[in-house]
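There are 2 protein chains.
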Amino acid sequence: MYQFRFNLKFLFPAVVLSMVFVYAITPVTAKDATPAVKNYAVFNENGKLQRPTGYREWIYIGSPLTPNDMNDGKAAFPEFHNVYIDPISWTHWKVSGKFPDDTIIVKELVNVGSKEAVSGNGYFQGEFIGLEAMVKNKQLFPEAPGHWGFFRFTIEGSRQLHKRASAQDHENCASCHQSHAATDLVFTQYYPVLRAGKAAGDTGTGGM
Amino acid sequence: MYQFRFNLKFLFPAVVLSMVFVYAITPVTAKDATPAVKNYAVFNENGKLQRPTGYREWIYIGSPLTPNDMNDGKAAFPEFHNVYIDPISWTHWKVSGKFPDDTIIVKELVNVGSKEAVSGNGYFQGEFIGLEAMVKNKQLFPEAPGHWGFFRFTIEGSRQLHKRASAQDHENCASCHQSHAATDLVFTQYYPVLRAGKAAGDTGTGGM
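Protein chains in written order, with the numbering used here: chain A, 1 to 208; chain S, 1 to 208.
Bound conformation, chain A alone (with noise of 0.2 Å):
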């Protein structure tokens, strides 16, 4: 009995000192701002996808780009689509080469800025005017193809975003990934991080 009101006694110490060393081992690193979530898609109880934050900071796969100019003035996508996949769901498709569930892939939309520059003519990337995402969850899109929902926070117009997004109709979106994209419904052949990634381990993530 005193053993354990004893050893109570320093319970309250160890953890202040659990603390101090957490605060002192930790790598000083942008990725430390990211919360230690359980996964980085996060619906209300409407099933609505809540605009998702800080994926700057996630890992960057891509940036499609079908200008206007080379589309008739009336590009489907005249913007540059800067891609990224949450880091959770990064880590499982560099060991097993699959998207988990919860895996939620963001679009943002960039407006060309420039097309001139001293490195030559081109596409230069400007201001961000939109927001999209699509998200792999078998509970609640228990139907859909690869159980994938489509979302948009964009608002046309503005570079103001949506709070929150409802998941789009199949025809809108799903329909094009199912037919067109190499990878579970994802356009693999089209992201070179993904490609070098896949089932890679560290191997793939750059200079290795």
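Keep in mind the hints are simulated off the structure, nothing from the lab. One should not assume that every hint holds.
To be verified - When the alpha-carbon atoms are kept at most 27 Å apart in a straight line, the in silico DSS-like pairs for lysine-lysine are as follows:
hint, chain 1, residue 1, chain 2, residue 2
1, S, K198, A, K115
2, S, K163, A, K198
3, S, K74, S, K115
4, S, K198, A, K163
5, S, K115, A, K198
6, A, K138, A, K74
Unchecked claim - Derived Cβ-Cβ restraints for the label pairs, each shown as a range:
hint, chain 1, residue 1, chain 2, residue 2, range
7, A, S175, S, K48, 28 to 36 Å
8, A, G47, S, L140, 21 to 29 Å
9, A, Q168, S, K98, 35 to 43 Å
10, S, Q160, A, K198, 14 to 22 Å
11, S, P145, A, P145, 47 to 55 Å
All C-beta atoms, glycine included, are put in the ideal place defined by N, C-alpha and C.
Starting from the structure of chain A, add chain S where the hints point.
For chain S alone, kept in the frame of chain A given last:
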């Protein structure tokens, strides 16, 4: 005296508890694979920069593109440039709006893969074909503009990369960066991620 010995007796269990606590609270993300490094730019004793690795898990800042067919078939930089900044320097940038000593910015070269997709005509990334980097280091480059050194790991006509690289002559890279880049030799005018993140804390990391 007794009290002193008494405390020591409980130091070991406290440290063990600390270790367990650290393990338990550490979030499982891709970023945890990143070693707790002091900085990401490593030089050997001859001042050569070791080829960086794992940079596809750093912070992506942009993808300038100046393709051959927009430059009379003779583009100086005909490929996509995927540009990343190391996580430690990104954290500094978010706080101070400046690039600290030891900043490393890498530019991964990706050839143009496809020019046509279901989404329209455009440019889509193909395969990795090269790697360059710039490093800010006052001690190693005391006379260089902004203390930046520029490095090239690309092996022409090969997808292999040099293991290490010496700093380039001023006229190869620095002179153009010095004359045309908006912020401390970095082309922030083409990098909305850096502009949004500059001294903005986490509010510039997307979706906020």
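Hints versus structure:
no., hint, in the structure
1, K198/S with K115/A, "holds (24 Å)"
2, K163/S with K198/A, "holds (24 Å)"
3, K74/S with K115/S, "holds (18 Å)"
4, K198/S with K163/A, "holds (24 Å)"
5, K115/S with K198/A, "holds (24 Å)"
6, K138/A with K74/A, "violated (36 Å)"
7, S175/A with K48/S: 28 to 36 Å, "violated (52 Å)"
8, G47/A with L140/S: 21 to 29 Å, "violated (55 Å)"
9, Q168/A with K98/S: 35 to 43 Å, "holds (41 Å)"
10, Q160/S with K198/A: 14 to 22 Å, "holds (20 Å)"
11, P145/S with P145/A: 47 to 55 Å, "holds (53 Å)"
Hint compliance for this structure: hints 6, 7 and 8 are broken, all remaining hints hold.
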